[in-house]
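Enquirer: Chain residues, written in single-letter form:
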Amino acid sequence: MGETTPEAEPRKLAEEARDRVRFEEEALELADQVYRVARRFVSTREEAEDLMQETYARAFRAWRSYQPGTNLRAWLLRILTNLNIDRGRRQQRTPDLQPLEEGDYYLYNRLEESGREPNVDQERVDERLSQDDVVAALSAVPHDFRDVIVLVDIGDFSYADAAQILEIPIGTVMSRLHRGRRILKREMAEQAVGSAS
Amino acid sequence: MSSGAAVDPCEKCEEMLQPYLDRELTDAERAEAERHLDGCSYCRKRYRFEEALRRFVRQATVEEMPPALKQKLADLRTPLF
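For the record, the sequence lines run as chains A and B.
Every letter in the first sequence is one number past the one before it in my numbering, and letter 119, counting from 1, is 119.
Every letter in the second sequence is one number past the one before it in my numbering, and letter 56, counting from 1, is 56.
Worth flagging that the hints you see were computed from the coordinates, not collected in a lab.
It is possible that part of the hints are untrue.
[As the list claims (entries may be wrong)] The following label-pair restraints were derived from C-beta to C-beta distances: (1) A:ASP32 / B:THR78: 20 to 28 Å; (2) A:GLU25 / B:VAL7: 29 to 37 Å; (3) B:ASP8 / A:ASP50: 43 to 51 Å.
By construction, the Cβ of each residue, glycine as well, lies at the ideal position given by its N, Cα and C atoms.
All chains, please: the whole structure from these sequences, using the hints.
Expert: In structure tokens, the structure reads:
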């Protein structure tokens, strides 16, 4: 009947404190995974660290708006993405409007043409591309496309989660992923065998 | 590479590469891609390369969180008292 007893208020406060502690612990357990995405959203480790701290500070303040049972990692990434936009990084982006003729087999074909046929049986892609080459290639992908690649291919988010985090339609996630991966392969081909001309 | 009539089957297979690896194809599309891959070493090699490449990209770009940052995040928790 909605009656409040003298014991009800402290009990409510205790329950809330317990829920908050549980939320904070769960959020902190996900920090490594959130950082992996944050690190590739921005250029430097320092920016990623700042973004993480702002994200967790905001998440801890707004913990009541998280709906238990839903995807907490996606919820945290949504906050992080919004903060990243607020930092003005998005205004600097330039959409990649150049025609992209390279298909999905482009990198393989370039390696093959260069006389270094990819040794796929041994999965030794790393013989031709260093870790730094891959990081540089990913950095060269325009933000809109890179963000989707980072969420899906590095963060292991579904198309639906990526759409929710970036607040874009799922079809846009798919088209950006498709184009972004092709751009990434073009960049990696340049790192591995030089530019095409 | 197989050559064909109106639609080059290898071109079609190339278009299906990404949704195939993302497990976003329908059962019928997946079966169609696998039928083609069974008989086409050109596409099969490229599919296997793409799978290996994705794993490599993931491994190469993962940077672990500095332990000091973890502590800073923990310090942001609301004090109990």
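Enquirer: Run the structure past the numbered hints and jot down the numbers of the failing ones, going up.
Expert: 2
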